[in-house]
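**Student:** Make a model of the complete structure from these sequences and hints.
For the sequence shown, the numbering used here assigns the number 56 to the initial residue and increments by one for each residue that follows.
Since the hints were made in silico from the structure, they are not lab data.
In this text, a Cβ means the ideal position worked out from N, Cα and C, and glycines have one as well.
Keep in mind that a hint or two might mislead.
To be verified - Here are the simulated distance ranges between beta carbons:
#1 D149 with V192: 34 to 40 angstroms
#2 S218 with H188: 29 to 35 angstroms
#3 L216 with K124: 35 to 41 angstroms
#4 N187 with E89: 42 to 48 angstroms
#5 I229 with S144: 41 to 47 angstroms
#6 D149 with L216: 28 to 34 angstroms
#7 I229 with S140: 17 to 23 angstroms
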Amino acid sequence: MREEPEATIDTRGLQAHPGLRGFLSRLCGCNEEEEFVLQVVQPSLVGLIDGTVSTLAPIFAAAISSNSKTALLVGLATALGAGVSMGISEALSDTGEQTGRGSAVVRGAITGGATALGGVFHSLPFVISNVNHALIVAGIVVAIELFVIAWVRYRFLKVSLRSSLIVVTLGGAIVLAIGVAIGSA
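**Tutor:** The structure is reproduced here in structure tokens:
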């Protein structure tokens with residue numbers, strides 16, 4: 056009778072993952088899922104939420120009150136400025152030593168980059184010269200961004216997808232309403 060070989064367990068942790076997740080795990084030195092969530096997912100999520108939601112009002116206000124080119128420029132300036140601001144804020148908020156949140160510089164870069172991306176994505180539709188068409192495309196992009204935020208919360212923070220969708224959509228709708236109201240004034 057032949058014996059079955061014992062199953063081996065991969066002890067290399069998250070760093071063994073290929074692709075972006077593995078790269079980010081190696082960058083922050085994360086070996087466990089909890090570290091990855093704390094040092095990569097959470098700063099990314101903060102940045103993506105800030106970039107997606109906070110830039111809605113100025114971009115949509117500019118689009119409604121002027122034209123696509125102005126909305127594009129306002130959107131890019133807002134997204135990039137917010138990215139730098141959030142990156143610096145996150146890097147200076149704590150060293151990571153007391154909280155276990157990892158390198159302040161890495162967290163700042165992750166948060167700042169995610170903030171900039173969140174704002175840039177729904178600014179890009181304003182390369183379309185017809186402002187009404189650009190607004191429709193930007194609205195679709197925002198819906199996708201909000202879904203991604205809800206999914207990340209569901210996947211990594213174990214929040215119900217339904218409740219997460221409700222919360223992020225409500226937040227986005229409030230900021231969008233502010234932008235529309237100011238742009239229409």
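**Student:** Determine for every hint whether it applies to the structure shown.
**Tutor:** Comparing the hints with the structure gives:
no.	hint	verdict
1	D149 with V192: 34 to 40 angstroms	holds, 39 angstroms
2	S218 with H188: 29 to 35 angstroms	holds, 33 angstroms
3	L216 with K124: 35 to 41 angstroms	holds, 37 angstroms
4	N187 with E89: 42 to 48 angstroms	holds, 47 angstroms
5	I229 with S144: 41 to 47 angstroms	violated, 22 angstroms
6	D149 with L216: 28 to 34 angstroms	holds, 30 angstroms
7	I229 with S140: 17 to 23 angstroms	holds, 21 angstroms
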